[in-house]
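A.B. asks: What follows is each chain in one-letter form.
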Amino acid sequence: MAEMKHLMTAEQVDRALDRLYEAVVEALPAEGRVAVVGIRTRGETLARRIVERLAADEPDRTVKLGVLDITFYRDDLSRRRGAPLVRATEIDFDLDDAWVLLVDDVLMTGRSIRAALDALHDFGRPKLIRLAVLIDRGGRELPIAADIVGKAADVPHGQRLQVRLEENDGEEGVYTQDGREEEA
Amino acid sequence: MAKKASTHRMAAKKKPKARKSQAAASPGEVTGEEGFVWTRKDLLGLDELSPQEVVHMLDTAQSFEEVSTRSIKKVPALRGKVVALMFFEDSTRTRMSFELAASRLSADTLLFTAKGSSVSKGETTLDTVKNIEAMGVDVFVMRHGESGAPHMVARQVTGSVVNAGDGAHEHPTQALLDIYTMRQRLGHLAGLKVAIVGDIAHSRVARSNILGLRKLGAEVVVVGPRTLVPQAITAMGCEISHSLDDVLGEVDVINMLRIQFERFGGGLFPSLREYHQIYGMNGERLARCRKDVLIMHPGPINRGVELTSEVADGPNSCILQQVTNGLAIRMAVLYLVTQSQGDRRE
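Protein chains in written order, with the numbering used here: chain B, 42 to 225; chain C, 20 to 365.
Treat each hint with caution, since some may be false.
[Said to hold, decoys possible] Below 25 Å or equal to it, Euclidean Cα-Cα: the simulated BS3-like pairs (lysine-lysine) are:
(1) Lys168/B to Lys105/B
(2) Lys46/B to Lys192/B
(3) Lys168/B to Lys92/C
(4) Lys92/C to Lys105/B
(5) Lys105/B to Lys93/C
(6) Lys93/C to Lys168/B
(7) Lys134/C to Lys149/C
(8) Lys310/C to Lys212/C
Source of the hints: derived by calculation from the structure; they are not laboratory data.
Next comes chain B alone, as it looks inside the complex (with noise of 0.2 Å):
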């Protein structure tokens, strides 16, 4: 295993996710329904971040929380062999004319985020979809942009990178690391 170097500390991601909510909030509607749907895994956790913060900040205000789990709608589904386990989308409200932030931790390829967009229509017709992810790292295979984007860095294609959240690792921070790139 090569050696895992860090990218972003912790001081850093919150930095990061501190300027993303920021742009979040600017780029709320006025009014009409908003939901904000995170990507398995950590998506999820980002999202969730977002709500609960949302919901101290402007109390009055509904946002929905959803999660997507887009295995189903991966376009190399048939090149993988074996199945990992597929966890549920839960959007359990009607995304018809929603407001829909879409969250993920990592944007390389885009092909997560064509998946994502293809399941969101399977529940209805949002009104728009804008998209935000904590690192843009660069090497788009798709026509795709996030609209916000917590930090941006040229990450070249052969290396791995992750993102570690205290939710689900136990610490915050974002390494690189040398070999095999991971799907972003």
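Using the hints provided, position chain C relative to the given structure of chain B.
C.D. replies: Only chain C this time, still in chain B's reference frame:
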């Protein structure tokens, strides 16, 4: 909108980690392991599955349950795949359940029934399957009157084979949906005591249920007349009782098997009326059971034979829930086996 200075940071809070498996923890309960990967291209029976594989199947089905609640009840997981439903023996609900499961996964389906087909012209099972495979089929869902037929076919084709019932051998998806329903209703499987009542000797449902339940730590007692319960069944790790009345008070689940008139020419019990009197579930017997006992039946029901309408339609019955869950189980099965075809195809 008015923007206020944020008073809360988005810093992390300590939270308990998500449970590995959605089932409630109970002593001896088998739960899904983090990072477990399903790698079988076929589902032929529960016999060859590990406890971990059975739980993986149940947990995957739990995720698929949500798909059927969406406004668009479809996911593209099997887009472009072809599922052939090969029914060498009649079936309505299993076939429809598999057909709907395949279409919810966006697969195309082909239906083959033995009646009026090449089988009546003398073609062998293997030739029939090979011919259909030559059209480009990815999954064969197969029901056959001969025990072991799907296993024989699985060795000869590159596509996946799913056993939808073979002779008196196994019916894995029925057992999986039964076990799934028990876990859903009762919260756990380890330590449960399950009675399977009826024609054990001819029942593939009973065999698959015993195999699956034993793997997950449940106890099984099979109940029926001596002519329908082979003594050797104890080798599968279950008990035998010839009196339903004796076990009523001590079981959590009663799974009533259908009396299959078509499988034997009578003579194994004197009359349906006598069978019902001794082995049928009625309101009076239900009153002697545990209050939350689960009454199951794989269908189709012979009302007034295995159970009365009072029991079949009562609050302890989960017969229709079994049918609903069958869809999620079959979606999970079709999804998992197709994800594991790589090693044979490339």
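A.B. asks: Evaluate each hint against the coordinates.
C.D. replies: So, going through the hints one by one against the coordinates:
Between Lys168/B and Lys105/B the CA atoms are separated by roughly 15 Å; this keeps the pair inside 25 Å, and the hint holds. Note on Lys46/B and Lys192/B: the hinted pairing holds, with a Cα-Cα distance of about 17 Å set against a maximum of 25 Å. This hinted pair checks out: Lys168/B and Lys92/C have alpha carbons roughly 21 Å apart, not beyond 25 Å. Simply put, Lys92/C and Lys105/B have alpha-carbon atoms about 22 Å apart, close enough for the 25 Å limit, and the pair holds.
With a C-alpha separation of about 23 Å, the suggested pairing of Lys105/B with Lys93/C holds against the 25 Å cut-off. Of the supplied pair hints, the one linking Lys93/C and Lys168/B holds, its CA atoms being roughly 22 Å apart against a limit of 25 Å. With a C-alpha separation of about 18 Å, the suggested pairing of Lys134/C with Lys149/C holds against the 25 Å cut-off. A distance of roughly 14 Å separates the Cα atoms of Lys310/C and Lys212/C; the hinted pair therefore holds under the 25 Å criterion.
Violated hints: none; the structure is consistent with every hint.
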